[in-house]
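Protein chains in written order, with numbering that gives the first Met the number 0: chain A, 0 to 340; chain B, 0 to 340; chain C, 0 to 340; chain D, 0 to 340.
Be aware that one or more of the hints could be misleading.
One copy or any two copies: either way a pair holds, since identical chains are not told apart in the list.
Derived lysine to any residue pairs resembling SDA-like cross-links, with alpha carbons at most 20 Å apart [as the list claims (entries may be wrong)]:
#1 Lys43 / Asp17
#2 Lys137 / Glu267
#3 Lys137 / Thr266
#4 Lys137 / Ala78
#5 Lys137 / Trp183
#6 Lys43 / Pro65
#7 Lys137 / Pro269
#8 Lys43 / Leu116
#9 Lys137 / Ala263
#10 Lys137 / Arg238
#11 Lys43 / Gly143
#12 Lys43 / Val324
#13 Lys43 / Ala81
In case anyone wonders, no lab produced these hints; they're calculated from the structure.
There are 4 protein chains.
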Amino acid sequence: MSELLGVAVLGAGHMGADHIRRLDQVVSGARVVAVADPDTDRAKDAAAGIDGVTVHAEAEAAVEAPGVEAVLIASPGPAHEAALLAAFERGLPVLCEKPMVPDPAGALRVVEAEARLGRRLAQVGFMRRYDAGYLRLKSVLDAGTLGRTLMLHCVHRNAASPSFFTSEMLVEDSVAHEIDAARWLLGEELTAVTVLRPRPSAQAPEGLVDPQFVVFETSGGALVDVEVFVNCRSGYQVRCEAVGEHGSARIGDDQGPLLTVSGAAATEVPQDYVVRFADAYDREVRAWVDATRRGRVTGPSVWDGYAASAVAEAGVRSLRGGGRVAVELAARPELYAGATG
Amino acid sequence: MSELLGVAVLGAGHMGADHIRRLDQVVSGARVVAVADPDTDRAKDAAAGIDGVTVHAEAEAAVEAPGVEAVLIASPGPAHEAALLAAFERGLPVLCEKPMVPDPAGALRVVEAEARLGRRLAQVGFMRRYDAGYLRLKSVLDAGTLGRTLMLHCVHRNAASPSFFTSEMLVEDSVAHEIDAARWLLGEELTAVTVLRPRPSAQAPEGLVDPQFVVFETSGGALVDVEVFVNCRSGYQVRCEAVGEHGSARIGDDQGPLLTVSGAAATEVPQDYVVRFADAYDREVRAWVDATRRGRVTGPSVWDGYAASAVAEAGVRSLRGGGRVAVELAARPELYAGATG
Amino acid sequence: MSELLGVAVLGAGHMGADHIRRLDQVVSGARVVAVADPDTDRAKDAAAGIDGVTVHAEAEAAVEAPGVEAVLIASPGPAHEAALLAAFERGLPVLCEKPMVPDPAGALRVVEAEARLGRRLAQVGFMRRYDAGYLRLKSVLDAGTLGRTLMLHCVHRNAASPSFFTSEMLVEDSVAHEIDAARWLLGEELTAVTVLRPRPSAQAPEGLVDPQFVVFETSGGALVDVEVFVNCRSGYQVRCEAVGEHGSARIGDDQGPLLTVSGAAATEVPQDYVVRFADAYDREVRAWVDATRRGRVTGPSVWDGYAASAVAEAGVRSLRGGGRVAVELAARPELYAGATG
Amino acid sequence: MSELLGVAVLGAGHMGADHIRRLDQVVSGARVVAVADPDTDRAKDAAAGIDGVTVHAEAEAAVEAPGVEAVLIASPGPAHEAALLAAFERGLPVLCEKPMVPDPAGALRVVEAEARLGRRLAQVGFMRRYDAGYLRLKSVLDAGTLGRTLMLHCVHRNAASPSFFTSEMLVEDSVAHEIDAARWLLGEELTAVTVLRPRPSAQAPEGLVDPQFVVFETSGGALVDVEVFVNCRSGYQVRCEAVGEHGSARIGDDQGPLLTVSGAAATEVPQDYVVRFADAYDREVRAWVDATRRGRVTGPSVWDGYAASAVAEAGVRSLRGGGRVAVELAARPELYAGATG
């Protein structure tokens with residue numbers, strides 16, 4: 000295992016550039032050998048200082064570059080399907096940022112393509128599964144200390160949303176994380192969704208339905224509620240409380256030094272998911288590189304990516320039309336049996 | 000003000016006996032002059048050691064006993080309407096335990112009777128309005144620090160329910176507290192309710208719908224969600240988080256000494272509302288005695304008692320039939336104008 | 000017990016006026032019948048609106064006024080000895096604010112006077128023994144959960160000191176509370192004291208030795224350290240952590256609503272001991288009135304008052320001269336046997 | 000920078016084996032090329048599965064092995080001086096575990112040897128400087144939010160001590176971490192130390208002076224107190240509170256999920272420093288590898304290692320003889336000017 004894994008990174012935007020830095024400087028065992036971005040200047044900037052890397056405008060060219068043994072997809076969502084299928088064709092392991100494929104039909108095609116291969120190649124980038132807090136919550140639930148889990152209460156807040164953010168994106172982009180986390184924590188599928196609309200905040204852009212309150216039902220009868228609020232002003236906050244038959248467990252309140260100044264005892268609330276989940280991204284990519292070098296595929300599967308898309312799409316229908324919307328999932332291929340989330 | 004206020008206490012059960020002890024030993028300015036309970040032995044026990052007190056089987060007799068200047072009603076709910084009307088007839092100030100009158104029609108008759116008097120005589124026993132935590136949350140909301148409140152997330156858990164507890168009582172008895180607290184904190188009426196049913200806990204008695212997850216909508220468009228779980232095993236827990244346009248505020252996590260023993264840093268969770276709200280009951284009764292001696296009536300009104308009954312009754316219909324149920328409120332008499340909750 | 004206990008209050012300053020209000024309005028079972036203060040206008044103001052109260056310039060006159068059955072001493076420390084002896088002569092129960100008697104010799108004379116009576120009449124106003132947090136810590140220690148207590152770490156901070164505050168007063172006035180609390184919590188005498196001087200805060204008045212760090216040794220070999228800092232700026236803070244053989248317990252961090260605003264999750268730090276210990280004062284005076292009406296004397300004794308003076312005086316010598324100073328205590332009269340603190 | 004840094008690891012015990020694993024699997028940019036341990040079987044086990052690594056009985060042989068560009072010293076403390084001097088002779092960068100050199104005289108020889116070279120080669124393994132909590136506390140102090148720091152209150156507890164642990168090792172091994180952390184946080188030297196002995200815990204081995212309470216004075220007049228308790232039973236706890244002129248900051252209470260079960264709301268206390276400081280070790284070694292590959296030397300210097308030895312040695316004298324012991328430091332070479340801790 001002393002050889003470094005050669006990785007092609009597709010997409011050199013904010014997230015792609017961050018992954019390039021991570022593969023180059025943080026994660027052991029990998030090196031970036033090719034970078035693709037339609038904006039080749041951006042790709043060159045992101046690849047600067049890395050020995051032997053090649054830069055490409057086309058994703059396909061990067062995937063075919065010499066030395067590429069694995070692919071990290073960080074391009075915009077609509078480009079993911081083609082990139083995944085290209086990697087599958089060449090038998091290359093993939094780490095694909097979320098949303099895997101935004102529309103459920105496309106996501107299902109990816110599932111079917113991998114299922115035809117008969118073995119897993121892709122891991123989807125739900126990085127919360129690698130966050131120390133979520134990992135400990137998961138281990139509490141799996142240990143059975145709380146008995147069966149009956150409810151999850153979730154909070155997902157951003158200080159402010161970017162200008163292009165739409166009401167639908169609160170479900171598709173933000174709640175997508177809770178969708179996967181809930182499936183993973185509970186080991187159950189989400190079967191229905193209801194999006195409720197509290198009065199909108201005057202601090203949110205005109206017309207944006209923000210906050211939203213989303214209620215999921217699971218295949219086992221549990222309830223998952225999510226407050227999503229992307230213009231909450233106070234900072235980035237992700238909390239989750241699991242309520243079981245014997246007790247409850249909560250993560251997301253622990254934020255470092257307690258400062259007592261000017262009449263208040265306070266801990267800092269980060270302004271950004273980059274701060275909050277920095278370690279989770281590192282752990283995710285390290286786990287992917289380690290597993291890939293050992294010839295294994297672990298972590299969230301394309302089935303998880305597909306399920307998240309299908310649930311989010313039902314959520315958007317509920318947001319638009321109101322009321323409870325049932326989630327329709329295709330039959331699960333044998334390859335993904337035995338594991339939900 | 001050196002004279003002690005003479006109080007007739009109706010009902011000498013668990014709550015009545017506790018109020019008798021409180022008036023006799025804790026609260027300044029009052030003395031118990033009459034106690035009524037159909038079980039006169041129980042009444043005698045509760046009144047033991049109090050100078051000059053008389054004991055009665057009939058509520059009416061106690062209300063008419065010499066020296067009675069005010070009435071505290073702690074008899075079972077179905078007896079409240081008659082007791083309230085009797086006090087109104089005599090012009091006596093009343094503190095009435097909740098539920099004021101269980102059925103909305105009866106509650107409305109009480110509202111109309113007091114409205115006909117043209118002045119308030121009754122205070123309803125929603126003691127959370129006197130809890131230090133709720134008072135501080137209320138003052139945070141009123142100060143405007145958080146901007147407009149958009150959501151309340153509430154948790155109401157009991158370790159275990161008594162054997163006679165029904166699924167309806169989770170709404171009528173338990174959530175009744177959150178109904179009043181939400182109206183009071185927000186200064187808005189609750190206009191619709193949806194009761195959701197997570198899978199029931201195996202720790203709850205067979206057939207009891209426990210936990211429940213209740214979502215209220217308010218006249219101003221806010222959303223109030225309540226987890227009510229009366230067999231949660233771990234202890235008595237009441238939490239409330241208000242989410243506003245500029246930030247959030249949460250009460251209910253602070254529980255005294257932090258013990259670090261055997262691999263855990265822990266605070267105690269009380270097993271009982273008596274422990275959690277002991278100070279609130281004291282403060283409530285003290286405020287009532289103080290105001291009464293000054294000839295004033297403050298605190299939750301019979302309109303609040305009526306509104307709580309009407310909302311709870313809509314909640315029970317949602318629990319039974321499923322789906323969202325709108326709350327129907329009568330026109331609010333002039334006497335209660337200007338104050339919601 | 001339906002008669003109200005007639006109390007003479009000596010001293011109508013900040014603390015005396017507060018106790019008059021408390022006896023009149025908060026505590027059941029008592030009424031103020033006489034008030035004494037050299038400044039009779041101040042005494043009249045404090046007594047305004049109370050039926051049948053008399054106002055006096057001289058403490059003796061108030062103690063002898065008709066209807067006086069008990070005495071509450073809230074005059075300046077130097078007047079306490081005479082007032083206590085006067086009450087002892089008349090066999091009246093007393094609640095005496097701390098410091099009981101500032102100089103150990105005078106305090107010892109009070110001990111000897113009460114010991115000659117052969118029964119307790121006086122309770123000293125160490126109100127922390129009535130604080131909910133301290134009571135719970137005491138019950139944790141007494142329950143044996145932590146094993147034998149080896150250390151207490153204490154913090155005592157004020158936002159800012161009054162202009163007349165001297166370096167000696169940090170020990171005599173502020174640490175005096177920790178001296179009594181430590182004796183009470185541990186059930187041991189303090190046998191030696193070392194006052195250390197960190198560099199003074201630039202926020203403290205020129206010349207004031209602030210903060211100080213005080214280390215006590217106990218008769219059982221435990222160590223008690225106290226940070227006292229009376230110009231800490233951030234607010235009033237009292238914390239205590241007991242470290243035992245099996246674990247530790249800490250009080251003083253729990254302060255109500257958690258506000259999340261502007262990048263911080265914060266709880267309020269009160270600016271004042273009046274806010275922090277309001278309930279403790281109420282509980283203390285209520286307990287004194289209740290016990291007195293039942294003919295009993297409980298709570299901190301004059302021996303506790305004497306011991307606190309003797310330890311504080313040793314602390315002042317350490318502050319002035321540096322180094323460790325042993326505490327010299329007189330022999331303990333039989334009357335106070337079996338109870339330390 | 001695409002070449003991997005070739006590292007010789009000296010010592011294949013618990014800590015050495017952990018560093019070998021870390022360099023091989025966690026840290027990017029490095030590979031283990033030589034391992035030395037007198038117990039060559041242990042060395043082979045630790046090196047198993049690493050391509051091209053050589054195993055040696057002698058430290059010197061490993062340092063001279065082909066491909067060695069840097070040295071990590073994890074052998075027992077008495078072997079450190081020779082290993083450091085050997086690395087200095089060959090101009091190799093070094094990461095040396097603490098204690099750098101246990102006796103101050105030997106530590107000073109290392110300082111002088113590096114000073115003669117005229118450039119830094121060695122970093123000492125005080126990993127707390129790389130812990131997320133300490134880093135944030137340091138940044139709070141450096142930002143000036145609290146004004147000048149006047150006191151540090153530290154707690155250092157282990158669940159139980161190993162059988163070979165002596166009373167001196169509480170100072171030399173455990174408090175050594177606080178010695179460095181205090182120098183680093185405050186940017187001042189420790190000038191005197193007093194070791195106090197609370198009564199020993201019955202849970203500690205017979206004869207072990209445990210707990211101890213250590214008070215340091217600094218060159219700037221600040222006070223640093225440390226409770227060290229290596230048989231505290233409840234778990235591994237490291238806390239630090241800095242008290243400044245405007246407020247205070249505390250780290251060490253945040254430990255993950257809040258579990259509410261069986262009447263308690265609890266967070267886990269780890270049993271081990273490996274769990275508590277796992278991330279700090281990773282961050283430390285990564286920083287060392289990154290800096291070394293860039294030809295730089297950062298982090299704690301051999302002067303820091305020497306100062307820690309000198310302060311600990313004074314502490315041991317205080318423990319043995321009692322009383323306050325002044326710390327004697329040699330003149331600081333020019334090479335280490337401008338930076339304390």
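Each hint, compared with the structure:
Taking the shortest alpha-carbon separations for Lys43 and Asp17, only the intra-copy value of 14 Å comes in at or below 20 Å, while the best inter-copy value is 38 Å. Taking the shortest alpha-carbon separations for Lys137 and Glu267, only the inter-copy value of 15 Å comes in at or below 20 Å, while the best intra-copy value is 25 Å. Proximity of Lys137 and Thr266 under a CA criterion of 20 Å is satisfied inter-copy only: 15 Å between copies versus 25 Å inside one chain copy. For the identical chains of this complex, Lys137 and Ala78 are neighbours neither inside a copy (32 Å) nor across copies (44 Å), given an alpha-carbon limit of 20 Å.
Taking CA atoms no more than 20 Å apart as the test, Lys137 paired with Trp183 passes inside one copy only; the shortest distance there is 8 Å, against 37 Å between copies. Taking the shortest alpha-carbon separations for Lys43 and Pro65, only the intra-copy value of 18 Å comes in at or below 20 Å, while the best inter-copy value is 36 Å. Taking the closest pair of Cα atoms, Lys137 and Pro269 come within 20 Å of each other only across two copies (17 Å); inside a single copy the shortest separation is 23 Å, beyond that limit. Taking CA atoms no more than 20 Å apart as the test, Lys43 paired with Leu116 passes in neither setting, with 34 Å inside one copy and 41 Å between copies.
Taking the closest pair of Cα atoms, Lys137 and Ala263 come within 20 Å of each other only across two copies (18 Å); inside a single copy the shortest separation is 33 Å, beyond that limit. Within a single copy, Lys137 and Arg238 get their C-alpha atoms as close as 14 Å, which meets the 20 Å cut-off; across copies the closest is 24 Å, which misses it. Within a single copy, Lys43 and Gly143 get their C-alpha atoms no closer than 50 Å, and across copies no closer than 40 Å, so neither meets the 20 Å cut-off. For a Cα distance limit of 20 Å, the shortest separation of Lys43 from Val324 qualifies neither inside one copy, at 45 Å, nor across copies, at 59 Å.
Neither within a single protomer nor between protomers do Lys43 and Ala81 lie at most 20 Å apart by alpha-carbon distance, with minima of 23 Å and 47 Å respectively.
Comparing the model with each numbered hint stated earlier shows that hints 4, 8, 11, 12 and 13 do not hold.
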